[in-house]
Every structure is written in structure tokens, then in C-alpha cells.
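Residue numbers (our numbering), protein chains in the order written: chain A, 1 to 114; chain B, 1001 to 1110.
Treat the hints as calculated values from the structure; they're not laboratory data.
Treat the hints with caution; some may be incorrect.
[To be verified] Just a few of them, taken from the derived set where beta-carbon distance is under 7 Å, the chain B residues facing chain A: (1) Pro1040; (2) Lys1042; (3) Pro1044; (4) Tyr1064; (5) Ala1068; (6) Phe1100; (7) Thr1102.
Bear in mind the structure is a predicted one, so any value in this text is a computation, not a measurement.
C-beta: ideal position from N, C-alpha, C; glycine also.
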Amino acid sequence: EAAVTQSPRNKVAVTGGKVTLSCNQTNNHNNMYWYRQDTGHGLRLIHYSYGAGSTEKGDIPDGYKASRPSQENFSLILELATPSQTSVYFCASGEPGQGNSDYTFGSGTRLLVI
Amino acid sequence: QEKVQQSPESLIVPEGAMVSLNCSFSDSASQSIWWYQQHPGKGPKALISIFSNGNKKEGRLTVYLNRASLHVSLHIKDSQPSDSAVYLCAESSNTNKVVFGTGTRLQVLP
Chain A
1 EAAVTQSPRN
11 KVAVTGGKVT
21 LSCNQTNNHN
31 NMYWYRQDTG
41 HGLRLIHYSY
51 GAGSTEKGDI
61 PDGYKASRPS
71 QENFSLILEL
81 ATPSQTSVYF
91 CASGEPGQGN
101 SDYTFGSGTR
111 LLVI
Chain B
1001 QEKVQQSPES
1011 LIVPEGAMVS
1021 LNCSFSDSAS
1031 QSIWWYQQHP
1041 GKGPKALISI
1051 FSNGNKKEGR
1061 LTVYLNRASL
1071 HVSLHIKDSQ
1081 PSDSAVYLCA
1091 ESSNTNKVVF
1101 GTGTRLQVLP
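Looking at chain B on its own, in the form it has when it is part of the complex:
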């Protein structure tokens, strides 16, 4: 069964810091890797995805994918208190199923 593992489990940073979140997935042939953000009491919300090896930048977010090492990372530049949330990594295969990691809890202190 597919397995998605995330690190660290939790992270506390000061406002303005660069945040780096890591994720390892199980299948080099996965269609896409997604990052979701989940605030307390809310459902996960899709943030950014990547399909091809390399990096993708959207605003303050950058994602790096290395299919050979089955690793993806999410970097948040100039972190804000509103970025405080749980971040979920998700591996999307071609089987109509998505496997989620257990998440990284991020707290950005003002």
C-alpha cells in the first residue's frame, strides 16, 4: 500500500522565517504530489501541486520534486501568523485514489 511520510511532525518559527516541510512518497510514477493546508476546525484546502521533476513557484510558496529519491518539499517564504496550520502532503496516483501523509503542524509566532 502507498505510504506518504512527512517531517517534521511539528514546527515553531518566528514571523518572517523561511519554512521547509518535507515529504517522502512511495511511487515514482505518481501523477502529482499535492500540498494541502488545514486550519483548525476546517477541511483541508489544496495549496499547490507538482508533477514534473524540478521546482514550481507560486507567490511565497515553492515546491521541489525529485522523483528518483521519492522526495518533495514545500518552502514558505516570509512566513506569517496566518500560515499557522497543518500541512498535508498527498500522493495522487492514476488509480482514482489519493494517499495523504499525517501532516506537519506549523506555528508561526508574531
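So that you can see chain A by itself, here it is in the shape it has in the complex:
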């Protein structure tokens, strides 16, 4: 079954440390997305990718980098983590510009920056 898998499931990081969140999809979708979800803000787009080697800035990219080394894998990198980046992060894959296509989401990574 096609799926999006995120790791780790939970992460505690120290302020100023580097954090890498990983995402793998078996949907063969070209597009992949990283969102964060906070109470009162809903899902906010951080970075997205159209395919291997491509990364694009979303609506709230500051403090985050992304890497798409292959069709299947998309990583979110926090070079210098801050407490304001404490959140739940979701990865998704999809092709919203092509017909009636939905997103498939992973189960999320809960990040606590102390």
C-alpha cells in the first residue's frame, strides 16, 4: 500500500542544535511537502519539492532548509533549532495540480526544542 513514512516519531533537541526530519514515500508522487501544525494556525507550508533535486520555499521557510535527494525521500533540516520551532511536523506527497488528486500525509514528527 502506498504510504508516507516519517522518522523519528518524537524528537527532543537542544537550542542551537541541528535537527533532521526524514520522510519517505512509496506513492511515486513528484511533489512532496513539509508542514508544521500548531494550535490556532492549522497546517502551514514550510518547503516543498517538485522532484529529485528540487526544493521550493513555502509560506514560512525561515529557519528551515530542505533536501530532496531522490523521488522517494525528502528531508527537513533545522540547522540551529530554536524553541519557537517546537511543533508537530507533517510530510505529505501529492499531485494537486493534476486533476482531482489528494495529499497523503505521514503520521507526523513531534519536535520539542528545549
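Go by the hints and put chain B onto chain A.
Relative to the frame of chain A, chain B by itself:
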């Protein structure tokens, strides 16, 4: 920037009730409007979508779309405790981006 607004913020109903969730979106030319369901500790899961004006029925779910008024609604018939979740409305444009609302939290009491 596109904006998707949902109402109510939260809703508590008894088992068996009809549930109505509302969503306003920003672009009458949007490709599709999607509804997602999110249970605690899980990622959102696509439930139903609609593209054309009018309604679409799938099982206990019915969606109504009015592009002229930029409004879409989701109705859940005979609600069950397992329907308790956050429901997200999402506007899909032709720009490869989807904009999500902040959600409606539904609790169905047994």
C-alpha cells in the same frame, strides 16, 4: 494569499446526529475543495472532494459546493463516536499548492 476559513471551531453532538461543517475559500477558480479527517496523533487523511457546483454523496458524507459564494459544506449523517476528529477543509489550486483551514474539532458523544 489564499485563505480558507472554517466554522464552527468546535462542535459536540450526540451519536446519531447530523453534523454540518462549513468552509469558505478564496478563489472561485480553485481546482478542487477537499475535506480531510485528522484523529489525535495521526496525519490528516483525505475524505472526500468536490470540483463542480452542486453536491456529491459518498456513504454518510455529503459535500455541497457553491463557487459563486466561495462556500463549501460537509454533512455527516448518523454521526458515530468514531467520527470524532478534526476536520480540515483544503483548497487545491492549479499552482501545485494546497491551502488548509484551521479545522473544526468534532466530538460525537455515545
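Report task. May I ask you to test the interface hint for B:Thr1102 with respect to chain A, counting a Cβ-Cβ separation under 7 Å as satisfied? Result -> holds (4 Å)
Requested in this report: With chain A as the partner, please determine if B:Pro1044 meets the hint condition of a C-beta pair closer than 7 Å.
Outcome: Check passed: Cβ of B:Pro1044 comes within 5 Å of chain A, closer than 7 Å.
Report task. Please verify that hint: B:Pro1040, Cβ, nearest Cβ of chain A, below 7 Å or not. Result -> violated (11 Å)
Query raised in the report: Taking 7 Å as the limit, does the beta-carbon of B:Ala1068 come near enough to a beta-carbon in chain A?
Result: Violated, because the Cβ-Cβ distance from B:Ala1068 to chain A comes to roughly 21 Å (cut-off 7 Å).
Report task. Answer holds if the nearest beta-carbon of chain A is closer than 7 Å to that of B:Tyr1064; otherwise answer violated. Result -> violated (17 Å)
Query raised in the report: Per the CB criterion, is B:Phe1100 less than 7 Å away from chain A?
Result: Holds, because the Cβ-Cβ distance from B:Phe1100 to chain A comes to roughly 4 Å (cut-off 7 Å).
**Report entry** Status of the hint placing B:Lys1042 at chain A (closest C-beta pair under 7 Å)
**Finding:** holds (6 Å)
Consistency with the previously given hints fails for numbers 1, 4 and 5, ordered from lowest to highest.
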